[in-house]
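Asks: Top line first, the protein sequences correspond to chains L and F.
Position 34 of the first sequence, counted from 1, bears residue number 34 in our numbering, the numbering being contiguous throughout.
Position 132 of the second sequence, counted from 1, bears residue number 132 in our numbering, the numbering being contiguous throughout.
Quick caveat, the hints were computed from the structure, so don't treat them as lab data.
Note that the coordinates shown come from a computational prediction; the quantities given were computed from them, not determined experimentally.
In this text, a Cβ means the ideal position worked out from N, Cα and C, and glycines have one as well.
Treat the hints with care, as some may be off.
Capping the alpha-carbon separation at 16 Å, the derived lysine to aspartate or glutamate pairs in EDC-like fashion look like this [stated by the list, open to error]:
id : chain 1 : residue 1 : chain 2 : residue 2
1  : L       : 40        : F       : 133
2  : F       : 104       : L       : 114
3  : L       : 49        : F       : 47
Label pairs and their in silico Cβ distance ranges [unchecked claim]:
id : chain 1 : residue 1 : chain 2 : residue 2 : range
4  : F       : 75        : L       : 77        : 22 to 30 Å
5  : L       : 62        : F       : 92        : 53 to 61 Å
6  : L       : 17        : F       : 31        : 48 to 56 Å
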Amino acid sequence: MIKRFMKHAPDDSSSSGALNDLSFLLIIFFIVIAGFNVNKGFLLNLPVKDKPRIVKTADLMKCRLTADGAILVDGKSLTLDELRTAVSEKKAEWPNMTFLLLIDTNTEYQHVVDIIYEIKQQKIENFSFRMEDSDV
Amino acid sequence: MFKIARRKRKASIATASMSDIGFLLLIFIMLISLINQRHEEKIEYSEAKILEKTQEEKNLEIWIKKDGGIFVEGNQISPESLELLIAGKIAEEPTSRIHIIADKNTPYKFINDVVNVLQLLQHRVVSFVVKEELR
Chain L
1 MIKRFMKHAP DDSSSSGALN DLSFLLIIFF IVIAGFNVNK GFLLNLPVKD KPRIVKTADL
61 MKCRLTADGA ILVDGKSLTL DELRTAVSEK KAEWPNMTFL LLIDTNTEYQ HVVDIIYEIK
121 QQKIENFSFR MEDSDV
Chain F
1 MFKIARRKRK ASIATASMSD IGFLLLIFIM LISLINQRHE EKIEYSEAKI LEKTQEEKNL
61 EIWIKKDGGI FVEGNQISPE SLELLIAGKI AEEPTSRIHI IADKNTPYKF INDVVNVLQL
121 LQHRVVSFVV KEELR
């Protein structure tokens, strides 16, 4: 049997293609992971303590959020969708309206976030919130 | 006619240093992410559909657990010491943004305690951090 020996070129360093791919995949992974640490949410302006603002009664929409998450406007219980409609109707009538949210001490935070989200969506500029039975 | 046969060289682009560059970048990004490491508390995030980015260059995160525990940079603190900590942070870096990151089941009274401290310090803008709802 005749064996033919072929001469192979010595391995050059440019043949490490998989290593390149691996390093760049790891880079992409770390860049993506770094992007997860960005905080998102709502930016709210806190009112000055002990400096009440005078608002016309017609401009004011008072909403009470109970401990079980029920939304009460003028003593009437509303769903989130109904609140959205009520706020947009009020805003159409009174563009400078103020939305006042009174929150029960034991209301879960998620319920508060739901209301803030709706208010932000309606682009209500005058939004105030405070805990019930507190002097905030 | 006599022709000199020229040896043809195969055209190639040297990519040997690519992996070196790749790994240097990798080490750089890993170090940066280590520097920017944040202390996370185990909480269930509250959710909303559309959010705005509230992150700033300088940030102070206040974590509130559902039992009312307040944590800053991995340490549990009382509302009284929170006041000192925020005052110190604002004095050091006036452009710092304060983030409130609370568990979705936290009773509002605990969040109100933190809001009260911020109002007392006359800090105007606060970020309520919420996770984006995926539906």
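Asks: If a hint holds in the structure, say so; if it does not, say that too.
Replies: For each hint, the structure was consulted:
no. : hint                    : result
1   : L:40 - F:133            : holds (11 Å)
2   : F:104 - L:114           : holds (11 Å)
3   : L:49 - F:47             : violated (29 Å)
4   : F:75 - L:77: 22 to 30 Å : violated (42 Å)
5   : L:62 - F:92: 53 to 61 Å : violated (40 Å)
6   : L:17 - F:31: 48 to 56 Å : violated (26 Å)
Of the numbered hints given earlier, the model fails hints 3, 4, 5 and 6; all others are met.
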